[in-house]
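Asker: Spelled out, the chains give:
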Amino acid sequence: MVDVIRTVFIALPKGFYTTLKHLFKKPVTIQYPKVKREMAPRYRGLHYLEVYEDGTDRCVCCGLCAAACPADAIYMEGAENEKGERYAKIYEINLLRCIYCGFCEEACPEEAIFLGHEYEFSNDNRDVFIFTKEQMLANRPKKEKPFKRIIRRVRRIF
Amino acid sequence: MADTVATVTLTINGREVTVPKGTTVLEAAKSVGIEIPTFCWHPKLKPVGACRICYVEIEKMPKLQVSCATEAMPGMVVNTESEKVKEGRKAVLEFILINHPLDCPTCDKGGECDLQDNTFAHGIDDSRFDFNKYRFIRERKSTFDDYRIGPEIVRNQNRCILCFKCVRANKEIFGEYDLGVFQGGNISEIDTAPGEKVDSIYSGNLVEICPVGALTNTDWRYKIRVWKTQQVKSVCSYCADGCNLTLWKERDKVYRVTSRRNDVIDEGWICDVGRYGYQLASVEGRLTTPLIKKGDKQVAATWEEAIGLIARKFREIKDKKGGVCIGGLISPQQDCEALLAFSKFFRTQLHSNNIDFRTEYKMLPEKESPYYSRLTSASFRIADIENSDTILVVGTNLIKEHPIVHLRVRKAVNQKGAKLYTLNPFTTKSGDLSRDEIVHVPGTLEAFLNGLCIGLAEKADGEGNVRAAELKARLEPNTTAKAAEICGISEARLNDLAEALRSAKKISIIVGELVSGSPAREAIAAAIHNLTVVLNLNERGQAAILSRAANSKGAERLGVMPSLSKELQQKLKSMWGGFPETEGRATDRMIHAAKKEELDALLIIGANPVASFPDGQFVREGLDKLDFTVVADLYETETTEKADVVLPLSSWVEQSGHFINLEGTMQRFEAAIKPVGNSRPGRQIIEDIAREFKGGLFADAHEIAREMQELLNVEPRPSFPDAVAEVKFAEEKIEKDYPYPLFVVDEMHHFGHLTERSRSLAAFAAEAQVEISPSLAEKLQIENGSLVRLESETGKLVLPAKISEMLDNDVILISRNFSGTAANMLQMRKKRIDRVRLIRVDEK
Ligand code: SF4
Ligand code: SF4
Ligand code: SF4
Ligand code: SF4
Ligand code: FES
Chain A
1 MVDVIRTVFI ALPKGFYTTL KHLFKKPVTI QYPKVKREMA PRYRGLHYLE
51 VYEDGTDRCV CCGLCAAACP ADAIYMEGAE NEKGERYAKI YEINLLRCIY
101 CGFCEEACPE EAIFLGHEYE FSNDNRDVFI FTKEQMLANR PKKEKPFKRI
151 IRRVRRIF
Chain B
1 MADTVATVTL TINGREVTVP KGTTVLEAAK SVGIEIPTFC WHPKLKPVGA
51 CRICYVEIEK MPKLQVSCAT EAMPGMVVNT ESEKVKEGRK AVLEFILINH
101 PLDCPTCDKG GECDLQDNTF AHGIDDSRFD FNKYRFIRER KSTFDDYRIG
151 PEIVRNQNRC ILCFKCVRAN KEIFGEYDLG VFQGGNISEI DTAPGEKVDS
201 IYSGNLVEIC PVGALTNTDW RYKIRVWKTQ QVKSVCSYCA DGCNLTLWKE
251 RDKVYRVTSR RNDVIDEGWI CDVGRYGYQL ASVEGRLTTP LIKKGDKQVA
301 ATWEEAIGLI ARKFREIKDK KGGVCIGGLI SPQQDCEALL AFSKFFRTQL
351 HSNNIDFRTE YKMLPEKESP YYSRLTSASF RIADIENSDT ILVVGTNLIK
401 EHPIVHLRVR KAVNQKGAKL YTLNPFTTKS GDLSRDEIVH VPGTLEAFLN
451 GLCIGLAEKA DGEGNVRAAE LKARLEPNTT AKAAEICGIS EARLNDLAEA
501 LRSAKKISII VGELVSGSPA REAIAAAIHN LTVVLNLNER GQAAILSRAA
551 NSKGAERLGV MPSLSKELQQ KLKSMWGGFP ETEGRATDRM IHAAKKEELD
601 ALLIIGANPV ASFPDGQFVR EGLDKLDFTV VADLYETETT EKADVVLPLS
651 SWVEQSGHFI NLEGTMQRFE AAIKPVGNSR PGRQIIEDIA REFKGGLFAD
701 AHEIAREMQE LLNVEPRPSF PDAVAEVKFA EEKIEKDYPY PLFVVDEMHH
751 FGHLTERSRS LAAFAAEAQV EISPSLAEKL QIENGSLVRL ESETGKLVLP
801 AKISEMLDND VILISRNFSG TAANMLQMRK KRIDRVRLIR VDEK
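Line order of the protein sequences matches chains A and B. Read left to right, the first sequence gives residues 1 to 158 (my numbering). Read left to right, the second sequence gives residues 1 to 844 (my numbering).
Source of the hints: derived by calculation from the structure; they are not laboratory data. Predicted model, so just to flag it, every value in this text is computed and none were measured. Glycine residues also receive a C-beta, built at the ideal position from the N, C-alpha and C atoms. Please note that a few of the clues may not be correct.
Stated by the list, open to error - Chain B is nowhere near these chain A residues, computed Cβ spacing over 12 Å in every case:
#1 D3
#2 R6
#3 Y17
#4 Q31
#5 K36
#6 G45
#7 N81
#8 E85
#9 R86
#10 A88
#11 I99
#12 H117
#13 I130
#14 T132
#15 L137
#16 N139
Unchecked claim - Mimicking PhoX-like on lysine-lysine, the simulated pairs with C-alpha atoms at most 25 Å apart in a straight line are:
#17 K728(B) - K482(B)
#18 K411(B) - K482(B)
#19 K416(B) - K44(B)
#20 K133(B) - K313(B)
#21 K197(B) - K83(A)
#22 K133(A) - K63(B)
#23 K416(B) - K429(B)
#24 K60(B) - K21(B)
#25 K223(B) - K133(A)
#26 K625(B) - K796(B)
#27 K320(B) - K595(B)
#28 K642(B) - K595(B)
#29 K830(B) - K625(B)
#30 K796(B) - K779(B)
#31 K566(B) - K320(B)
#32 K367(B) - K223(B)
#33 K472(B) - K728(B)
#34 K253(B) - K133(A)
#35 K223(B) - K83(A)
#36 K367(B) - K573(B)
#37 K89(A) - K228(B)
#38 K89(A) - K223(B)
#39 K728(B) - K694(B)
#40 K133(B) - K83(A)
With the hints as constraints, model all of the structure from the sequences given.
Answerer: Okay, structure coming up:
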């Protein structure tokens with residue numbers, strides 16, 4: 001008997017109070033895909049390739065990203081351009097193999113490859129996950145990724 | 001017992017080391033596994049001490065010493081890892097890196113660079129220099145100082161650490177002076193001599209020995225990183241030297257070839273044909289599927305159809321007229337397995353002895369010709385050349401025919417003081433090295449050799465002198481004076497050579513293709529044999545006619561010839577349970593028989609007789625008469641055009657097998673890539689045909705290996721007998737209208753009929769030229785590059801002329817490697833020396 005009274009008059013109101021309290025708070029749920037979340041500055045999403053101010057490739061096809069890649073996701077073929085410089089004729093990342101570790105970004109001596117904030121690239125066709133150089137160049141964000149500056153600073157220290 | 005070599009004992013890092021006297025501290029350390037970093041040291045070059053990275057500390061010496069240029073002395077106490085040494089290395093590296101660009105990501109050497117490795121191991125990780133680096137910029141439009149110093153070599157001076165290895169090797173080993181050091185101090189520059197290009201046949205080696213990325217070659221350049229490649233052990237498939245190669249491949253592409261040092265053969269140097277020849281495997285235009293002639297066209301077919309048709313046709317011919325109406329030609333660049341299968345197919349299934357591997361030489365003998373075979377199978381060691389004090393090179397442009405043998409001869413002359421004599425119908429590059437470069441009148445070689453024998457015998461005293469009478473009776477000409485007159489050489493020079501040979505302790509006589517390709521080969525071989533008898537060469541050296549292609553020796557030893565030595569025939573008979581009794585035909589007679597319709601079918605593997613067999617007219621007519629021709633090759637050639645069935649053949653980088661080099665050493669090579677398209681290796685093609693025709697040739701791979709081994713165990717030939725052969729020189733009549741002797745030879749950077757497909761080799765030479773001497777050019781008013789017409793009794797050709805400073809008599813050289821130029825049209829089968837007239841063609 002005492003138990004019933006305790007439940008009805010103390011525990012239940014206490015619980016409802018908590019519910020009522022949250023009813024008027026701002027919800028944490030995001031209405032994805034209508035609403036998108038701002039990613040953390042160091043988030044590692046879809047890759048992109050940087051270029052110099054004059055629009056030429058930064059990547060010189062040195063192969064260090066591929067060497068660092070633990071998933072062996074990067075394939076490239078080098079060639080010589082008209083100016084006698086080395087460039088990547090083919091540069092591909094297999095997004096299904098990639099584990100988004102960011103090692104490629106860290107290995108790159110030319111600051112050419114970065115992992116961006118893009119994460120919406122699901123598909124029902126495996127073939128489209130071979131991310132080509134053109135796609136990676138087009139994928140360049142308008143705004144520079146803030147972490148890039150940090151990488152550069154770190155490089156300069158060491 | 002070998003003579004006791006004086007030794008010295010020293011202490012390195014607390015260990016006692018005993019080495020022969022004269023060894024450097026560096027080599028002494030290496031011999032016990034102590035590594036000292038080096039840049040400018042190279043095992044085959046004289047030390048210069050230019051880079052100073054090899055510093056070591058030696059007790060009682062106030063300063064650090066460069067170990068590569070310091071001789072080990074008794075009682076020395078050396079320390080290679082002391083603090084002082086480490087400091088020294090750091091300082092040297094810092095110094096080298098002052099102006100070194102941070103190019104590693106773009107530099108092709110990255111990953112295998114001595115500078116990278118040594119900096120990582122011994123250097124400091126920062127620079128204390130604040131000013132701008134000095135930059136060499138030759139052409140403003142490019143970002144880097146990349147500049148071609150030769151058809152295939154790109155130089156980037158900024159990366160050069162001035163170790164001078166390239167310049168030193170070029171001079172010391174290769175005898176080339178097209179590369180040098182210009183300016184001084186920190187603007188010293190490696191560059192070509194004015195107006196020169198680095199285009200010698202050894203040029204690729206300079207790239208290989210550069211410790212940094214200053215010299216790169218265009219096949220590897222920017223295409224791949226070294227750590228992504230796999231290395232495959234291979235052996236060169238071109239000349240008979242048998243250089244050991246490493247193929248660097250990734251997925252299904254070979255990216256470069258480097259040497260795989262073998263001190264017995266190549267000493268770590270290879271020629272450019274071997275280095276760039278792999279490219280012909282993967283260029284446009286490879287035959288990828290069998291073709292069968294239907295009407296006038298060759299149409300694509302499957303392997304089953306093609307093999308079925310071949311087997312059916314062969315059976316038809318065999319049943320109707322006998323297997324002897326079928327002949328086979330196989331390229332001596334095929335592996336031993338293919339050669340043996342070829343021979344077995346013909347001998348056990350077709351019962352025909354009509355097989356041959358020689359498709360470039362005139363009037364091949366049907367029968368075993370004793371002196372010739374004796375000299376082709378004589379034992380010969382490349383490494384023994386350097387132990388000879390007198391070397392006689394006969395009938396070969398050695399640098400072209402056997403580039404690596406040439407390097408040994410160079411080494412013997414330059415480093416060991418050997419005396420070289422050359423005996424050729426025209427001047428060659430070996431002449432630079434020789435005491436006397438004897439250029440005889442073309443077609444008189446045996447007369448000269450006779451004179452030499454007589455000269456030698458007359459010089460000998462006692463028993464030897466008795467021989468002079470015997471010689472005089474059997475030789476013609478039989479006096480030195482007469483011989484000298486016939487050959488157009490002064491008697492004094494002949495006698496000098498005789499004297500040099502007489503007083504020599506150890507002799508190497510090297511004979512080349514101007515002898516083996518000549519219809520007079522037997523007479524010349526007999527004359528050389530006499531020379532070996534007079535010189536008593538069994539005890540004091542070696543003499544051999546060198547085989548030409550990668551596996552010519554294999555073809556000889558495995559019996560891919562119409563007639564075989566008794567021993568070999570016996571062996572084959574017992575091994576295969578039978579051997580055809582019929583007489584076989586050599587290439588020459590096969591074509592002759594085809595012309596007379598006595599031969600109905602020909603199976604040709606990897607050879608291109610239509611373009612290579614001397615007397616183009618003859619071979620074309622012969623092949624046109626054939627009922628059924630099967631040709632397997634990599635590309636369409638003049639011969640595949642005439643074929644009823646064309647089969648796509650795999651190149652040597654697509655298969656594994658064995659080659660036997662000119663010394664008789666069998667070497668294995670591995671496949672680097674898969675067969676291109678639907679092509680198949682020669683051995684497989686033969687086995688497929690045999691299986692369809694009658695049944696498999698070999699039960700398994702072990703059987704083929706066992707049969708090969710058994711055949712190779714057959715002793716090729718005893719040493720030289722002590723009897724004099726009869727040699728009578730007969731002059732060939734010269735037609736007045738055709739005054740100039742013609743020699744069809746390989747272009748310096750080519751070998752056989754396929755290398756023109758290699759992009760790099762085509763960059764050195766892409767079309768045939770007529771090489772003439774400056775004096776002849778002046779006489780006929782021909783300029784370099786202007787068109788000339790060559791006319792012989794059988795054909796005509798119009799080609800650009802090239803005035804070669806090397807030549808100094810009135811001979812004409814023309815290359816046989818280019819499909820556009822059928823040089824064999826000018827040759828005549830029965831003539832010993834082909835002669836042409838040369839007419840300047842004025843611009844139309
Ligand atoms: S993020 Fe990691 S796994 Fe993905 S490509 Fe780069 S290195 Fe490879
Ligand atoms: S992205 Fe960077 S690390 Fe990768 S190949 Fe290009 S330059 Fe080298
Ligand atoms: S180019 Fe290479 S081999 Fe020649 S001096 Fe420079 S670093 Fe040495
Ligand atoms: S062609 Fe002769 S010399 Fe040149 S790499 Fe091949 S085996 Fe060596
Ligand atoms: S290796 Fe000894 S000075 Fe260069």
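Asker: Between K472(B) and K728(B), does the CA-CA distance stay at or below 25 Å?
Answerer: 11 Å, holds
Asker: Verify this label for me: E85(A) is non-interface relative to chain B, using a Cβ-Cβ cutoff of 12 Å.
Answerer: Nearest chain B Cβ is 5 Å from E85(A), so the label is violated.
Asker: Need the status of pair K728(B), K482(B): alpha-carbon distance at most 25 Å?
Answerer: 13 Å, holds
Asker: Taking only the CA atoms, is the gap from K223(B) to K133(A) under or equal to 25 Å?
Answerer: Measuring from Cα to Cα gives roughly 17 Å; hence the hint holds.
Asker: Quick one, are K320(B) and K595(B) close enough, alpha carbons at most 25 Å?
Answerer: Holds: K320(B) and K595(B) sit about 19 Å apart, inside 25 Å.
Asker: With 12 Å as the threshold, tell me whether T132(A) passes as away from chain B on beta-carbon distances.
Answerer: 18 Å, holds
Asker: Take a quick look at whether K197(B) and K83(A) sit within 25 Å of each other, Cα to Cα.
Answerer: Measuring from Cα to Cα gives roughly 22 Å; hence the hint holds.
Asker: Does K313(B) lie within 25 Å of K133(B) when you go C-alpha to C-alpha?
Answerer: 74 Å, violated
Asker: Would the least Cβ to Cβ distance between K36(A) and chain B come out above 12 Å?
Answerer: 36 Å, holds
Asker: Test the statement that A88(A) is away from the interface with chain B: the closest C-beta pair must be farther apart than 12 Å.
Answerer: 10 Å, violated
Asker: Taking the minimum C-beta separation from N81(A) to chain B, is that value above 12 Å?
Answerer: 9 Å, violated
Asker: Checking one constraint from the list: CA of K89(A) to CA of K228(B), max 25 Å. Satisfied?
Answerer: 17 Å, holds
The structure is inconsistent with the numbered hints 7, 8, 9, 10, 18, 20, 22, 31, 32, 39, although it conforms to all the rest.
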